[in-house]
Amino acid sequence: MSRDRTPRTLALILLALLVSGQFLPQWTLFLVTVALAKGLVVLGLMILLRCGLVSFGQALYYCIGAYAAGMLGRLFGASDVFTLMLAGMAAAGLVGFVLGFLLARYRSIFFGLLSLAVSMILYGLLVKTEALGSTDGFHVLPSTLFGLRPADAWVRYTVLAVALLVAFIAALLVHRYLGTPLGRLASAIKDNEIRVEYMGASARHAIHVKYVIAAALAGLGGALAATTVGHIDPEMAYWTTSGEFIFITILAGTGNVIAPFLGALVFGVIQTVAFGISPNTWQMVLGGSLLVVIVFLPNGLWSLFRGRKAA
Amino acid sequence: MYFVDRLVIAMTAAAFAPAASLAQEAPLKIGVVTFLSGPAASPFGVPARNAAEIMVEMLNGTKVPAPYAARGFGGAALQMQLVDESGPATTQVTEFRNLAQRDNVDMVIGYVSSGNCLAVAPVAEELKKLTVFFDCGTPRIFEEKSYKYVFRTASTATMDSVGAALYVKELKAGKIKSIAGVNQNYAWGQDSWVDFEASMKQLTPGVQVATSQMPKLFAGQYNAEISTVLGAKADVVHSSFWDGDLEAFILQAGPRGLFKRSTVILTTGETAMYKLAEHIPDGVVIGARGPYGPYAPDNELNRWFSKTFADRYGVPPNYAAYQMAQAILGTKAAWEKAQSANGGNRPSTDQAIAAFERLTFESPAGKVEMVIGAGHQAITETAYGVSKLVKGKMTVANVKRYPATMVNPPDGVKAADWIANGFKK
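These protein sequence lines are chains A and B, in that order.
Counting in the working numbering, the first sequence runs from 1 upward without gaps.
Counting in the working numbering, the second sequence runs from 1001 upward without gaps.
Since the hints were derived computationally from the structure, they do not count as laboratory data.
Quick caveat: nothing in here was measured; it's all calculated off a predicted structure.
No residue lacks a Cβ here, since even glycine has one placed at the ideal position from N, Cα and C.
You can take every hint at face value.
Computed cross-link-like contacts, DSS-like style, restricted to lysine-lysine with a CA-CA straight-line distance of at most 25 Å: (1) Lys1169(B) with Lys1425(B); (2) Lys1201(B) with Lys1233(B); (3) Lys1177(B) with Lys1201(B); (4) Lys1414(B) with Lys1148(B); (5) Lys1216(B) with Lys128(A); (6) Lys128(A) with Lys1201(B); (7) Lys1201(B) with Lys1414(B); (8) Lys1029(B) with Lys1128(B); (9) Lys1414(B) with Lys128(A); (10) Lys1145(B) with Lys128(A); (11) Lys1260(B) with Lys1393(B); (12) Lys1233(B) with Lys1175(B).
Label pairs and their in silico Cβ distance ranges: (13) Leu145(A) with Lys1029(B): 27 to 37 Å; (14) Lys1393(B) with Pro298(A): 54 to 64 Å; (15) Lys1425(B) with Phe23(A): 49 to 59 Å; (16) Ile169(A) with Lys1148(B): 30 to 40 Å; (17) Asn280(A) with Trp1304(B): 23 to 33 Å; (18) Lys1233(B) with Ile277(A): 55 to 65 Å.
Please put together the full structure from these sequences, using the hints given.
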């Protein structure tokens, strides 16, 4: 068995981005930070996809995380970036835990559509809540780090550094988790659930745990997106947002915990380039690139790296 | 000797090129953001883009009538960079940052969606980029926060509801016992109805709200709502539906006699009035979100704009097109005022902002005054009328105009408070 190189690679990427971030133009810092926030959600989707489960409603937890962070600022004036992210993660994790009792019973299309339905319920509720600005949403207070607000020129870098650190820790923990017996159960559940049960493991329990982890990661990503973008609205729970996360998951592949972040970054870059070069037909560029990936890299972008290492 | 000929031509051109470019200033880059895809593209986004294309081309060609005859902005040609407004706030904030920091545009003009305006405004402030909103309706932008770099050259949606209330009160000569609403269940529909209801309660004390229907956005089928409103027998029915929903509502409500039983107000009816001319009976109250389209004044700028637009695109400009032209001309007026204060040199963003605050300028829709929101929010007059089919062509009749200060709150007063306090000046 070869040595596990993922933690070292993750640490190298973290260092490289922390150093190069100081020299990159401001707009790229924002692009990378948003990609990291989306990457966290996709990391959770990847865990579920390894069991063969596709959640069409992961935006539910993304939105819960964002609104939890936003409400904390609105109601209590909390602005510490770590407090907001922990709150987003906890709120999403809690809702995920409760809903998990229901959703862990379902598989394939039933799981997908049920998760979609729940996210659209939240969307509907938020749209009807005029006190929270309905579809217009509301501002999130500028966040602080340990009570301090960095100088204007360093705000973007600081937010990026925090996001990198959080994503690094999340990726490392998920990587560890995937190596545990419970984590490894994923492909077994995907292949033959009955056999898993005969072996004495509970598929429903394993899926419930994975579902809560995915929800907490999405909440974390949502809170990070809220503090980065500075504005939240119900569209964060809309099915198109969930669709975007699925899109990135397929683009990235499920091979490694680095893949979701790579996928989110590539998605962000393709989208922004497409916006720039063809404002009238950017969707076609985006859709075309996904088709190319599906046709030539059926296991996602990550198969590029895995293939080279195997050779 | 084809090659030699080409070479000579190329060399001659190269020799003259620097002299030619010295004669004029470096171009100004303008980011223009509007819906190019999705449901808001066809009624608002694309007409606005078309207006922007015409304005940029005509300004660069010095073909716009006075007082906007100078080339581009203060002699500098304009370069437009177009961005689609679709996608969530995250995407729009990303693209705004790209425009400001990657493409280094000199200013951004755009945004139809109120949600996008709310999301982008603080970012414009952070990046210190002059940003002009042309269409979005929510009064929250300058009520919740004050901005230095952000301007809006169209009135807020409050004006539409207050104007509609004033108009029906006059039209029905005080014989209004009950009102009803059919509005889409999202921020625009909710705000429009809240303002209309509050205004009616002020203007006709004792008026009853028969029913307020809030169907889902883009529902498409409104038969249940129409039944409820018909059953409620309200004297006045208010709707802020737009585009597809508006057309579906007109087509479904018409045959069931809603327009005959009640006086129906369509606050954005202008965008559908030509297309559905034979389906809208006479006497429906038609709004255009301001003095745009059929309500635009008969002045030289308007005659030029509506003709140029109709000649090129085959349809008259709708209110979104007018608002885009208004935003570009307002920015031009501010820019040139700042330039002349700066001794004829290109103004800085701060100088342009100082000139923009509390500016009064002319647009194809008449006079625009940047007097509320601490000088960053425009007020304009508004007008309402009723539909009237004349020889198969839809027109508006019985048009009433309301001066800007009558339908907009004074500076520093929130729209909702202003209505609740009986429109005190």
